[in-house]
Amino acid sequence: MIDVVIGDISIDTLGILVLVAFVAGLIDSIAGGGGMITIPSLWLAGIPPHIALGTNKLQSCFGSFSAALHFYKKGFLNLKNNLAFVISVFIFASLGALLVRAFDAEFLSKCIPFLLIIFAFYFLFSPKVSNQESKPRSNRFLLGIVFGIIGFYDGFFGPGTGSFFMLAGILLGGFNITSSLAHAKLYNFISNFASLLIFALGGQVLWILGITMGVGQFLGANIGSRLAIRYGVKIIKPLVVIVSLVMCVKLLFFT
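Heads up: the sequence shown begins at 1467 in my numbering, then just goes up one per residue.
Hints are supplied without guarantee of correctness; some may be wrong.
Unchecked claim - Across the chosen pairs, the derived CB separations fall in these ranges:
#1 LYS1546 to ILE1611: 18 to 24 Å
#2 ASN1605 to ILE1674: 40 to 46 Å
#3 HIS1516 to ASN1544: 32 to 38 Å
#4 GLY1512 to ALA1550: 40 to 46 Å
#5 ASN1547 to SER1476: 43 to 49 Å
#6 ALA1550 to ILE1482: 36 to 42 Å
#7 TYR1697 to ILE1553: 22 to 28 Å
#8 LEU1510 to ILE1708: 20 to 26 Å
Said to hold, decoys possible - SDA-like, lysine to any residue: derived pairs with alpha carbons at most 20 Å apart:
#9 LYS1539 to LEU1685
#10 LYS1601 to GLY1640
#11 LYS1716 to LEU1549
#12 LYS1546 to LEU1535
#13 LYS1539 to LEU1549
#14 LYS1546 to PRO1602
#15 LYS1546 to TRP1509
#16 LYS1539 to TYR1697
#17 LYS1716 to LEU1510
#18 LYS1546 to ASN1605
#19 LYS1539 to LYS1716
Rather than coming from a laboratory, the hints here were simulated on the basis of the structure.
By construction, the Cβ of each residue, glycine as well, lies at the ideal position given by its N, Cα and C atoms.
Assemble the whole structure, with the sequences as input and the hints as a guide.
In structure tokens, the structure reads:
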């Protein structure tokens, strides 16, 4: 089946999808929302919806891994301190991906846009969204549960996951904006990977297409993470607001 679908995609279309993945990786590594670009593109290329979702998780893994790796190399991530959070996100994301077939995600598409509006305005007007860290407002257990719930949401539905990880890191973890973005990319990679495993077990991944797009994702995310570190709140804050509002409009009017 994979060979047939790949065979129906022309070289020009494949090149466009790789370019789309590059742009999505760049934007996603700074503000999240890359899936809102890649998933519709896969649908337009003629990929069935459920296979498009699985393939998107594969190519997204490349982007989130690339960004997380760059943040780690620059000292924004301590893997030992994040182990419990990573385990929580992995378990919850796996459960979300398993349950996605049993429940209708339509209700989420109706309420998430309003959460994104609140999130965008919080980022726009709150003085807490800065390059300065603040005092954590929760213990690590509660923070791990919150990150896990967001991971469950990513496995079950997805849009805005990176934004929600960032907001939790800022509000509850006391992270500054660049650190919250770095942690969001790590947890996003884990939730993507967990979801990918579930989709792969169901045979709903086009590996060749996903890996090819993944190259574009990897390169775009690497550039995006460099820009995020270099410019910090000056580039992250406005782009997060814009992406959140665009996702909100798309979910309200184009789904």
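Hints and how they fare:
1. Look at LYS1546 against ILE1611: about 20 Å separates their beta carbons, and that is inside 18 to 24 Å.
2. Distance hint check for ASN1605 and ILE1674: the Cβ-Cβ separation is about 45 Å, which falls inside the suggested range of 40 to 46 Å.
3. Roughly 37 Å separates the CB atoms of HIS1516 and ASN1544, a value that falls within the hinted 32 to 38 Å.
4. At about 42 Å, the CB distance of GLY1512 to ALA1550 agrees with the hint of 40 to 46 Å.
5. For the hinted restraint 43 to 49 Å between ASN1547 and SER1476, the CB-CB distance of approximately 47 Å keeps it satisfied.
6. Taking the beta carbon of each, ALA1550 and ILE1482 are about 41 Å apart, inside 36 to 42 Å as hinted.
7. A hinted range of 22 to 28 Å is violated for the C-beta pair TYR1697 and ILE1553, which are about 32 Å apart.
8. Between LEU1510 and ILE1708, the C-beta spacing of about 23 Å keeps the proposed range 20 to 26 Å intact.
9. For the given pair, LYS1539 sits about 16 Å from LEU1685 by alpha-carbon distance, which is consistent with the 20 Å threshold.
10. Of the supplied pair hints, the one linking LYS1601 and GLY1640 holds, its CA atoms being roughly 5 Å apart against a limit of 20 Å.
11. Proposed proximity of LYS1716 and LEU1549 is contradicted: the alpha carbons are some 34 Å apart, above 20 Å.
12. Simply put, LYS1546 and LEU1535 have alpha-carbon atoms about 15 Å apart, close enough for the 20 Å limit, and the pair holds.
13. A hinted pair counts as satisfied when its Cα atoms are at most 20 Å apart, and LYS1539 with LEU1549 qualifies at roughly 17 Å.
14. Between the alpha carbons of LYS1546 and PRO1602 the distance comes to roughly 18 Å, so the proposed pair stays at or under 20 Å and holds.
15. Only pairs whose Cα atoms come within 20 Å are accepted, and LYS1546 paired with TRP1509 is rejected, the gap being roughly 39 Å.
16. Taking the CA atoms of LYS1539 and TYR1697, the gap is about 17 Å. The hint holds against a cut of 20 Å.
17. Under the criterion of a C-alpha separation no larger than 20 Å, the hint pairing LYS1716 with LEU1510 is consistent with the structure, at around 16 Å.
18. For a cut-off of 20 Å, the pair hint linking LYS1546 to ASN1605 stands: about 17 Å separates their Cα positions.
19. Annotation: proposed proximity of LYS1539 to LYS1716 is violated, straight-line Cα distance about 35 Å (limit 20 Å).
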